[in-house]
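Asks: The primary structure of each chain is shown beneath.
Number of protein chains: 4
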Amino acid sequence: MNNIKIASGEEYIDSLRNRKLKVYLFGQLVENIVEHPMIRPSINAVAETFDLALQEPQLASAISPFTGERVNRFLHIAQTRDDVVLQNKMQRRLGQITGTCFQRCVGMDAFNSLFSTTFEIDKKLGTHYHSKFKTFVAEMQSKNYVIGGAMTDVKGDRSLAPHQQSDPDLFVHITKRTSEGVYITGAKAHQTGCLNSHWLLIMPTIRLTENDKDYAIVGAIPVDADGITYIYGRQSCDTRSMEGGDIDVGNAQYGGQEAMVILENVFIPNQLIFMNGEYEFASMLVERFTCYHRRSYVCKSGVGDVLIGAAATIAEYNGADKASHIKDKLIEMTHLNETIYATGIAASYQSKATLSGAFMPDDMLANVCKHHVTKMPYEISRLAQDLAGGIVVTLPSEQDFRSKEVGHLLEKYLKGKADVSTENRMRILRLIENMTMGRNAVGYLTESMHGAGSPQAQRIQIARQMQLDFKKKLAKELAGIEKNKTKILVSEISDYFGRVFDVNV
Amino acid sequence: MNNIKIASGEEYIDSLRNRKLKVYLFGQLVENIVEHPMIRPSINAVAETFDLALQEPQLASAISPFTGERVNRFLHIAQTRDDVVLQNKMQRRLGQITGTCFQRCVGMDAFNSLFSTTFEIDKKLGTHYHSKFKTFVAEMQSKNYVIGGAMTDVKGDRSLAPHQQSDPDLFVHITKRTSEGVYITGAKAHQTGCLNSHWLLIMPTIRLTENDKDYAIVGAIPVDADGITYIYGRQSCDTRSMEGGDIDVGNAQYGGQEAMVILENVFIPNQLIFMNGEYEFASMLVERFTCYHRRSYVCKSGVGDVLIGAAATIAEYNGADKASHIKDKLIEMTHLNETIYATGIAASYQSKATLSGAFMPDDMLANVCKHHVTKMPYEISRLAQDLAGGIVVTLPSEQDFRSKEVGHLLEKYLKGKADVSTENRMRILRLIENMTMGRNAVGYLTESMHGAGSPQAQRIQIARQMQLDFKKKLAKELAGIEKNKTKILVSEISDYFGRVFDVNV
Amino acid sequence: MNNIKIASGEEYIDSLRNRKLKVYLFGQLVENIVEHPMIRPSINAVAETFDLALQEPQLASAISPFTGERVNRFLHIAQTRDDVVLQNKMQRRLGQITGTCFQRCVGMDAFNSLFSTTFEIDKKLGTHYHSKFKTFVAEMQSKNYVIGGAMTDVKGDRSLAPHQQSDPDLFVHITKRTSEGVYITGAKAHQTGCLNSHWLLIMPTIRLTENDKDYAIVGAIPVDADGITYIYGRQSCDTRSMEGGDIDVGNAQYGGQEAMVILENVFIPNQLIFMNGEYEFASMLVERFTCYHRRSYVCKSGVGDVLIGAAATIAEYNGADKASHIKDKLIEMTHLNETIYATGIAASYQSKATLSGAFMPDDMLANVCKHHVTKMPYEISRLAQDLAGGIVVTLPSEQDFRSKEVGHLLEKYLKGKADVSTENRMRILRLIENMTMGRNAVGYLTESMHGAGSPQAQRIQIARQMQLDFKKKLAKELAGIEKNKTKILVSEISDYFGRVFDVNV
Amino acid sequence: MNNIKIASGEEYIDSLRNRKLKVYLFGQLVENIVEHPMIRPSINAVAETFDLALQEPQLASAISPFTGERVNRFLHIAQTRDDVVLQNKMQRRLGQITGTCFQRCVGMDAFNSLFSTTFEIDKKLGTHYHSKFKTFVAEMQSKNYVIGGAMTDVKGDRSLAPHQQSDPDLFVHITKRTSEGVYITGAKAHQTGCLNSHWLLIMPTIRLTENDKDYAIVGAIPVDADGITYIYGRQSCDTRSMEGGDIDVGNAQYGGQEAMVILENVFIPNQLIFMNGEYEFASMLVERFTCYHRRSYVCKSGVGDVLIGAAATIAEYNGADKASHIKDKLIEMTHLNETIYATGIAASYQSKATLSGAFMPDDMLANVCKHHVTKMPYEISRLAQDLAGGIVVTLPSEQDFRSKEVGHLLEKYLKGKADVSTENRMRILRLIENMTMGRNAVGYLTESMHGAGSPQAQRIQIARQMQLDFKKKLAKELAGIEKNKTKILVSEISDYFGRVFDVNV
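Residue numbers (my numbering), protein chains in the order written: chain Y, 1 to 505; chain A, 506 to 1010; chain C, 1011 to 1515; chain L, 1516 to 2020.
Think of the hints as simulated: they come from the structure by calculation, not from any bench.
Computed from a predicted model, the values in this text were never measured in an experiment.
Glycine included, each C-beta is placed from N, C-alpha and C at the ideal position.
Mixed in with the good hints, there may be bad ones.
Chain L regions said to be covered by chain Y (calculated; three or more residues, Cβ under 8 Å) [stated by the list, open to error]:
no., stretch
1, 1570-1581
2, 1585-1591
3, 1773-1787
4, 1817-1825
Examples of chain Y residues lying across from chain L (beta carbon under 10 Å, computed) [claimed, not checked]:
no., residue
5, L54
6, P57
7, F119
8, H190
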């Protein structure tokens, strides 16, 4: 990593070469992640975040208030509600371009949530995390680095707090403090795009109590810091990208990436520590991060656009696109997909300024958005399989299609509509397989389920904000239980529905 | 109707007295709608639209560009996207206050859609509808009148166009043209709040062809014009408001209103005609009106707030509010309710200026919003009945509760939690009955289904805008079918996803 | 009540005359329930259970093993699994004939569950309830009486046990014991068809503990016993049957009936007591009763047949029946409706003999059936409203239709397809209103929700029987966790899936 | 293939050795399918159908009326409704044992549907297919062979009939007729278990018209007949079984199998031809086959048992099994799973004798069952992924777990509850991955969608049988439209609801 700002996807890919990362995959140390056929597609996906900023600066970049320069939107602290909305639009577009997870949202959401949280820690406790963090942000912006937000601990027994686990390392924690900084140990699970990042932001993953004080650590580390081991996560059909062809992979260019990050006494110097023991702020950080991140799942509406397009294409290739039930299923897919988009956009649009000045989405609607994301992509996926026909899971291999012995038989018998090439029909089927049960189903489905918190986490958060007392009062007035009805002024109900009735649109 | 601007709900109610309307109900001419116990609750609901404008001017009023004065938001032509969003916020608040339909949205949405449609007719055909319409709007604003938008024809055989019907009057049409104006005949069905309006805007209800030219009529008529007969629509449990008590009605103060408006050679003078034969603009008007109106159903999230509050209250009264499944059902109700709100807000926020300068919501998202409204209130209602318990449909009458003979038995045996009065428990149960199968279920459920177009109408509109060609292209690129991928610029896809990727947030 | 066996619906109606019942409705004592326009439809529905037995003896009657005579199936103790299945078929047919609740299932299910429960109490404790009960059954069969099963207590605070309530009477309990029998006090809520019964079977409503011993009382009382007061429950739109016409009621002939039964020191003689303090058998009785009763809700598939027919008819009358989305909605309604039927039939078919010889349905599937009934009729109802169009809730009154002044206008403007009479279109719309939000919606929807236990009660019962240990074992074997797989013999897993794998089909 | 009856799974596996099949996979000819690691699991699954018959003769075998001997139930012609029900019970049990598709149902359902169809062809046309078919059945029973039912053609353009396709071979058809028999050409897609069969039954796949006469061919061919080429279908994660371990495969022992069967002038001798040109009976055969086969999907409730068990196990391993939402999700999974079972059992129980004497399920309920199978496994699968946590798609490889370098790190950090081994946690996660997006998801999900007909095929069949006229009549009677109500006798409505009201239970 040098001092030159990364300007394009190509430069970004170059920046990943020649790093001394300790990455394991299939029990082997990976020498060069950039050229590894199973890893490269995930790098290509991140690279698109650079190219989109060049091609569509309004959409994918912004002027940094810290550097005064145009920076990638993924590194930008949202200054207005429009900034927050534009994150969503950029995310949908990148979902369309890559058909998968482009891995850079966690860093963006970590940046924004840490920005306001460090501000509030300092304000309450007189610490100096915020200015250090701002310096770090500006530095990252000036290099156009990719930031991985490392929050999710491996967690061990879910019924126990960090300090109650049989092994204290099951949550990342401080093992030693020196005057220069701290040493941390533990592991972060399913770290999206961690190998494709330049820096990682370590953050706690749950509400902490005083007993968990050593777990209240936030800090930045370079991905190649001493003491880090990466173990690459398997994905459905992952090895197809090592088979040599470009049909059976479904989406040859792009893929996601998840790895386990194991930290063994990794050092964080003082200037890169942004929380250190202030356990009472862990929940603020987690809730703000998830607030941003839950509506970041609008990206799945972009991925959904691809899958709807694939389903419409196979229907056409099969000669079935005129049937009313086929059209109706495409409508249903669209209705669901746009619901994800609309709830995300509404959450972003209803953003409010935090004390730090950074804008943060409406938490209720962000949770509503994410909660739909835990279900609707599954139904869209089911409908895509319906339109694809059974051949989506019984298609012979690319090698058979290319073989001298039986290739011509497949060419003949896998034909759909007469004017469509058999190869193209195979290609679109493999894309649907890829997105509904193959490699990108990991990101479109399961990661949609658990990323930014599993479904129940959203329900808990919705419960916290559903203001039953206010709603009970509304009902009691209309039922004649509270007879001396005095209408509540909007200005009086900032505790209640200020969010909804805020007139400073 | 005099020349003084109506300032309050009370003045509004006064303005409805002493009109010579021909209204039939139960086979009888209604002398005085204001004092009729079955009609009055609907008037009270409209009155709240006046009082809210006084109490919350930011929310429920706006500065008219035509009069320069602050006018009720229901009469305002949206000048900005924030104006469109504030319509939704006002609608949710009024849903909370009344727990029913407050009847004034149709007029607001008719105003806004006619504003831009007349502009575009004039632009294309050189007519002068727009300035006449602007004058009419300013006049209505200066009086603060209630406008009913009369669109839905009775329609006869749904498989036939207007001119094909066995009876030409099954759609409203021009029967005579004179130099002063036109005469129209026909009937408009389920006219929300028509009796509570001061003026009606007559509009066609479907796409028209040249053969339907006489059906392409838009004009304004006072509600007491010669030739109009109103026949009041029945609602579930409507006569309970004539029984004398205030418990069994459920919501004693507020109700909705639907009537059939029968027009027999009603005259419209030239200056109040805003379309006259330009059949090719009927679909523009209908589509714009439904675009506004479909996301106006955000009001149901306000009604949903009341029902969620009622469900939470009865759970508490029953001593059941601590059960995890009860909490979970309240969360589900909230999740659904906020989805309605979020999709509506997103549609409004994504508004764009029309050529006339008036802002219009995003049509795709407006349809997505309304489509959810055709389902989610039914599920919220089902869950409310779940929480209420069976007693919601077996509760004895208010008269029994008040009777000397058995009142004490009900007092004793209908007791829930010891510290809650039996009467209050009955009241909240009756409110839930009212909203889920009684009088206000008409508005919360069935009218949510059909108002602004039945479910299939939204699906057709979603289909029109789902841009399958663009989505197919995305899929083909990723599948390797279109090999020379050239990334589409946002600026190039205004035909496609301009809506989504518009960066002028 | 005399000694002659009731042979027909007409004789049944006669049998209800001249009884000295203390029934309150709208604060008034009802002199003659048979001629009361609001009550009569419920009597007509029960009458059909007599006529069907005459018309279709195979379906609706059976040979009693106690009397050797053919008796009404509602009074028959199921001797075979086919007997249990035929209950369901009879129920569906009666749902089709009446379009509502015919009120006689509770008695049938109480008879069957008490038969086996008294047998097992006697077997364990040496009591003599079973033979007394058998005598009572034979007596009722010989008269062809209607039995009301009075289980549901008013319950007060749902978080407290009977003996913990602030008022001990909130559950029915023994207040005095004499050598001749016991005296009971309390109230039973929403007693379906109680006034239309000849005898009531008092039963506890929940699992009891030793402290609730006085609540463990089962006994038979004639409906006109001293100390009983009935207070009639209101239903949506109930007073329409008192308006004089036959259109607006929707279903003029048939309706349901729910009343509160208040017991003040009502005496039960020893020979009619079938449980007296054996609190540990309360849960067996309740669970067996709900097992039978939950799959008795197959009747709703018969009611669903009517609503599907009504929806298909209005689509035809509107000229909309050729549209593909209309057909698809009718298919969906049918799919849901048949799911109710199929799950009920499967539960009945999987019946097993109890120790007493009486057959009892499969409890898991009975709960699955009822759980669908708490949701599917709501969706069928929503779809019926979709097909009906908005007019279903805005239709003017029958009096307007009959009036000289405006009747002709309605005749003209409410016309649908040219060859269908307006009156018929109104009639079918009123039937749909009746079934989806009017009087029979009480039975089709809300009572489907709560009757035989609210939704959560089914989930608890499903949980009790879902045999997770067996299923975990299956998974562990396939995952390679339990390596020495020994296949379980069907004969060894009677504790597990004996139900499923019983080969004595 | 010799003359000895196959007695056990082991003997069955031996019977598959040394056959001269032309099977292609990854562009290579497969020498020995029995030892091929990717194919063997599918053979193991079929082998269980033999062993179950030994272990549970009541469940999985029956006395053949043709041979008088006990034969495998998969080869038995159902003589009673209990026989049909027992098919379902056997299917559920085999789903539990294998967690996948055991591939033998198609043959069973083909046997049964051909039995009655050949009978009716002969009866009408005086042909002699039935006795030839009976001879063939007896022969197969005596050898205990596995029969593959080859119905699904590759179909080409779905909007065209067989004879309209650009290539006549896109549906299998007769290319030459000789005095000894016929020659056929074409291809059958996604042939479940075809390589694991001994014989294939060729059948047409859709309703045929006179122009498609040469497509109306039914006949039996040995799997190793001249002119057959098999091309193996790929499945998600299929190559994991070639990696050497036993964790990452998820279900190491069992899998499904689908291949394309290409027929090039394959000969069928006269005695093995069971339809030859009688195109008007193609739809009878297809409808009867799908009637049996749609409720054969009850097997998925057995697979669902495994997945529910796996979800419950991982919840326990994660320490999350006490959470109320976890329990509730397991209940929901069970509710859905038992709905599949119940609707299948009801369809089988409602079987009726065909003219041939063979029993056939209720077609309406069979379609209802299958239609649920196209949705519910997807929701069960989604819930299983919810309970599994994100680690189900980010788990590192078995090789990493076994490696010296990082194995200990995974051992440490993938620990859940302290008393559960990390390996076991990995194993159960891999099983869930296998069933929800890996190899067995093909059978549990996508094949559940399309096997026995895609969802729309069921909707069409439901529509055909939903008897709207009868239902309309019910509604019109209750609405007062048909005034002279004459109750329909059950005996009169055999055209209508004979199925439902059949009293010969």
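Asks: Look at each hint and say if it fits the structure.
Replies: Each hint, compared with the structure:
Only residues whose beta carbon comes within less than 8 Å of a beta carbon in chain Y count, and the stretch 1570-1581 of chain L has 0; fewer than three means the coverage is violated. Only residues whose C-beta sits within less than 8 Å of a C-beta in chain Y count toward coverage, and the stretch 1585-1591 of chain L has 0 of them, not enough to reach three; the restraint is violated. Against chain Y, the stretch 1773-1787 of chain L contributes 4 residues with a C-beta closer than 8 Å to a partner C-beta. That satisfies the three-residue criterion, and the hint holds. Check result for the stretch 1817-1825 of chain L against chain Y: violated, 0 residues qualifying (beta carbon to beta carbon below 8 Å, three or more required).
A hinted interface residue such as Y/L54 counts as satisfied when its beta carbon comes closer than 10 Å to some beta carbon of chain L; here the least separation is about 31 Å, so the hint is violated. Of the supplied interface hints, the one on Y/P57 is violated, with its beta-carbon coming no nearer than about 34 Å to a beta-carbon of chain L, more than 10 Å. Among the interface hints, the one on Y/F119 is violated; its C-beta lies about 30 Å from the nearest C-beta in chain L, farther than the 10 Å criterion. This hint holds: Y/H190 has a C-beta 4 Å from the nearest C-beta of chain L, less than the 10 Å allowed.
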